[in-house]
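Residue numbers (my numbering), protein chains in the order written: chain A, 1 to 309; chain B, 1001 to 1710.
Hints are not guaranteed to be accurate.
[What the hints assert, rightly or not] If you want a taste of the chain B side facing chain A, the calculated C-beta under 8 Å gives, among others: (1) Arg1010; (2) Met1012; (3) Glu1080; (4) Leu1087; (5) Val1091; (6) Ala1355.
[Stated by the list, open to error] Residues from chain A that face chain B, not an exhaustive set, calculated with beta carbons under 7 Å: (7) Phe22; (8) Phe50; (9) Arg73; (10) Ile85; (11) Glu100; (12) Leu101; (13) Arg102; (14) Val104.
Calculated from the structure, these hints are not laboratory results. All residues carry an ideal CB built from backbone N, CA and C; glycine is no exception.
Next come the chains, spelled out residue by residue.
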Amino acid sequence: MIEVENLSRAYGNATALDGVSFRAEPGEVVGLLGPNGAGKTTTMRILTGFMPPSGGRARVAGHDVVRDSMAARASVGYLPERTPIYPDMTVEGCVTFWAELRGVKRPRDAAREALAAVDLSDRRQSLVRNLSKGMRQRLGLAQALVHNPPVVILDEPTIGIDPAQVIEVRQTVKDLGKGHTVLFSTHILTEAEQVCDRVVILNQGKVAAHGTPEQLRKKLFGGDRLHVQINGIKGDAALKLLREATGVAAAEADGTGFLVRAKPGVDPRTHIAGAVQRAGGLVVEMRPIDLTLEDIFLNLVGADSKGGG
Amino acid sequence: MRGIGIVFRREMAAYFTSPIAYLIAAAFLLVTALIFNTNLTLSVTQNPVNVAEVPNALAFFMIFFGPVLTMRLLAEEAREGTMELLLTAPVSEWAIVVGKFFGAWAYYSLLLLLTLVYQVILILATSPEVGQAVSAYIGIWLYGGAVLAIGLLFSALTDSQALAAFLSIAVLTLLYLGEAAGQIVANLDLAALIRTLTLPGHYVGSFAVGLVRFEDIVFFSGVIVIMLYGALRALESHRTGGLGFKARGLRSLGGTVTGLAVLIVMVGGVYVASANAAITLDMTESRQYSLSSETVAVLNRVEQANREIRITGFYSAETIGYRQLDDAIARLYEAETDGLITREYHDPTENVTLAEQFNVQIDGELFVSYLDEAGRVDFSTVRRVNAENSQERNLSNAILRLLDINRFQIGFEVGSSNLDPEDTSDRGISGVLNGLEANGITTRAINLNQLGATGLDVPTEVTALVLTEMREPLSDLGLRVFQRYLDRGGRAFILADADFGATPFLSASDPLNNYLWEAFGIRMADAVIIDGLSNAGSELDILSYATSDGSTITDRINNPENMSSQALFRITRAVEINPDPPVQNGMVIATSPQSYGETNFENVAAWANNTTTGARVILIGDSNFITNGLVQNPQGNGILFTDGITWLTGFGESLVFAPQARTTNIPTVFLSTQALDTIALVTVVILPGLVVAFGLGVRWLRFGATTNWQ
Ligand SMILES: Nc1ncnc2c1ncn2[C@@H]1O[C@H](COP(=O)(O)OP(=O)(O)O)[C@@H](O)[C@H]1O
Ligand SMILES: [Mg+2]
């Protein structure tokens, strides 16, 4: 369990975190979503006991990260943003070392288990320096899990690895959620949606919003956006038809098709399909469009954040 | 602290699996082997074996080996991102820093252990000073620990290994060169301070020569603790996001500075206290840095006398290294007498007036003197400490001479002679008198005839009487005074000449001559000895003479290796010795076969010793030999006179000292060229080669041949 209350952190005069509060329950994957510089890494570093907060409180598995730092650290598995490696050690030696350092009883067995869990068993005896980037990332996951911590904190684990491995890592994180409290940071919206049970959106050191991906979508985006392509109805007529369909807030031409924005809380797709059919046309394509993070933040904070980073 | 062992083991494993570490080990062995073999070869032919040679060289080479061993320790963790994991693991920063340090130190210790091979070879080849070797190894082990701690600090301060190594080497070089600060810095106190702050300053003059000083252990431990604390704070600064460039970091920089200051003051305090306590362990076989029983006896006398004595040394910044060595002895005197003997050092170039008052001749001179009531040096009692091999012996002798002030008094008969014992000019016989004075022997004028006329005796405090340059025999009364003096155990140095006047001194009719014959079995003959071969300037000089065996008086003259130790006599009266003597007697100097005389006499000088009364007499047929013209050149004349006085007074017996054998009995190495070649092959080629091969083997076995070598 992670409990964060009114957490703040300043670097000199610059405020990196400003009154952040959220919780993560066991069996839950919570995503920290935000653009670069939002304060994700800072939050995680405070939670892992790497640095102290300037204000506020944070508890990990029931231990205060400042007053009870050692116990808090012992209950966290952490994969930092920069994959930590000992290039001259063997894969197994590396994980065993971290297991020992975290007080695991049978460190070598634990290391083997953790390596099996991330599918690195066959590279146990390789030197870390000879591993590919993706394998190094999995090694990083193995060390974060080797002491079977109740809380796992992963800082942008999918950055810089190839797409096939991104999917693997996302799946691993999702699976982790079954037995652990997982805090997972990303700046990719779809990733957060795919992996997380709940999402906390950080912007400029503040929680901009939080909730399940669904809730957020509704609350934030004012409805889905759809790309619709219609055959058999002329452009203007089609546009008019779409705008008048139930549940549609707005529609505009977009290349070969149309961009449709739904009213909040309503799924307009059956209404659109029905309306087109009634008018004698045919819907050849209708798919939801992912919002970019930039879109979200524009929605969230409006003009305020345009100058921000 | 949990985690130290784990971090330590990882570091050790890192050294043992890293090919670079094996190369470092090989280089380490190669360098030490070259030094060892050079030294060994030299000691076969000329030098004594110095068991500390390899550790001494390491004191220099660790400037480079140390940083290479430590540069990786924390810089790599920062660079590879593992620092973040270390600092979020449930272990303290102390555990990390200490574990890393011990890892490096243990690896270095293993390297040192490997170099013990050389000591084993020395033990097999000769009988080296094992104690000194142990001391030097303990020293260089601690020294290395301090070097590694400094390297660790720089590894903590930067993410770049190369920068860490560069900075460490720069600082270590400064710390190494600082030992010679006295060559550059003129101010003595500053030079001394700088030297105290350098690493070699706590090794070269102590551990390396077999002297384990507690304060040196404190120094190296203190350096280690301070450096580790610095490394700890540098490590912590990762948590605050940088090394003090940010405002928050600055605040913690302030804390670091305060912490360091407190630590330095604490270490400094312990250091000063331990330096004052002078706790030392003398590891030399000859107990060179311990007080001998003879010195302890001398110091017991000092305590009985209960007068404060000051050891004053004059050292400029240039001789500061000698000061440390001398002080290692001097401070034992202070400790042994519970502060009755104190020591004080001055810079002769700064304190010119004081140096003049002491009559300092060379840089690095020591003096002993009493202190007056006000606790100031009593200049009338200043005694110079000789600068011969054993500093302890020199110092103890000087203190003895100080204690013996006024104990020995030499009376010079002036009633019938030309001698002026009040002449204090520093030449000839007056110079000799000054020399006696400097050694605590006082001189005074005695007029035997006058004493006899007034019915007095020779004062009891007169230890010996010198009768020289006598123009005429003693008066009857004077003779009786002299006889009473000898009969109660007096000592006399009697010099007669070939005098052809009307009433010559010690002629056949002189009652003194008859008394000497009856009481001591020695007398003057009416005969003159001339050396036919002498080329000393006159045909009447005697240069070729023989000194008699076993006489303490002539021990030091006519030394074949020192031509100037010969004695020279002008037209000499012959001395007769009774072959059936009433007391022990014998000859001091006999003429050579090349000499001839009116009758065939051989003896130039004789001695007699009445062991019952204690009376001693030396009779020499020439008084010119201690006149101004001859007493200093050749030196043998002066030595003959002073040694005669020493024997007469018994002063010499109070100075007998068992020599502190250091320069003597140093074992030479007996090794054939072939054996030397074998040793060189084993130590220079095979050992380092084995280490390299072993490193390659371990890597290859573990990771296969395809390993990416870097
Ligand atoms: N060590 C540091 N020193 C100063 N400022 C920092 C430091 N680390 C991060 N920051 C600043 O704090 C803010 C939050 O950074 P970070 O937590 O790394 O964001 P994210 O991980 O979301 O990209 C940024 O403005 C960043 O520039
Ligand atoms: Mg980040």
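Verification of the supplied hints:
1. At about 5 Å, the closest approach between the beta carbon of B:Arg1010 and any beta carbon in chain A falls short of 8 Å, and the interface hint on this residue holds.
2. With a cut of 8 Å, the hint placing B:Met1012 at the interface with chain A is violated, because the nearest CB-to-CB distance is about 12 Å.
3. Hint on B:Glu1080 holds. Least Cβ distance to chain A is approximately 6 Å, under the 8 Å limit.
4. Of the supplied interface hints, the one on B:Leu1087 holds, with its beta-carbon coming within about 5 Å of a beta-carbon of chain A, less than 8 Å.
5. Hint status for B:Val1091: holds, given a least beta-carbon distance of 6 Å to chain A, under 8 Å.
6. About 59 Å separates the beta-carbon of B:Ala1355 from the nearest beta-carbon of chain A, more than 8 Å, and the hint is not met.
7. Here the hint on A:Phe22 is broken, as its CB sits about 20 Å from the closest CB of chain B, past 7 Å.
8. A cut of 7 Å between beta carbons decides the hint on A:Phe50: the least distance to chain B is about 5 Å, and the hint holds.
9. Checking A:Arg73 against chain B: minimum C-beta separation of about 4 Å stays under 7 Å; hint holds.
10. For the restraint placing A:Ile85 at the interface with chain B, the shortest Cβ-Cβ distance is roughly 6 Å, inside the 7 Å limit, so the hint holds.
11. Taking 7 Å as the C-beta contact cut-off toward chain B, the hint placing A:Glu100 at the interface holds, the least distance being around 5 Å.
12. Of the supplied interface hints, the one on A:Leu101 holds, with its beta-carbon coming within about 5 Å of a beta-carbon of chain B, less than 7 Å.
13. Using the Cβ-Cβ criterion of 7 Å, the hint placing A:Arg102 at the interface with chain B is satisfied: the shortest such distance is roughly 6 Å.
14. Hint status for A:Val104 relative to chain B: violated, with the closest Cβ pair at about 11 Å, above 7 Å.
Checked against the numbered hints above, the structure violates hints 2, 6, 7, 14; every other hint is satisfied.
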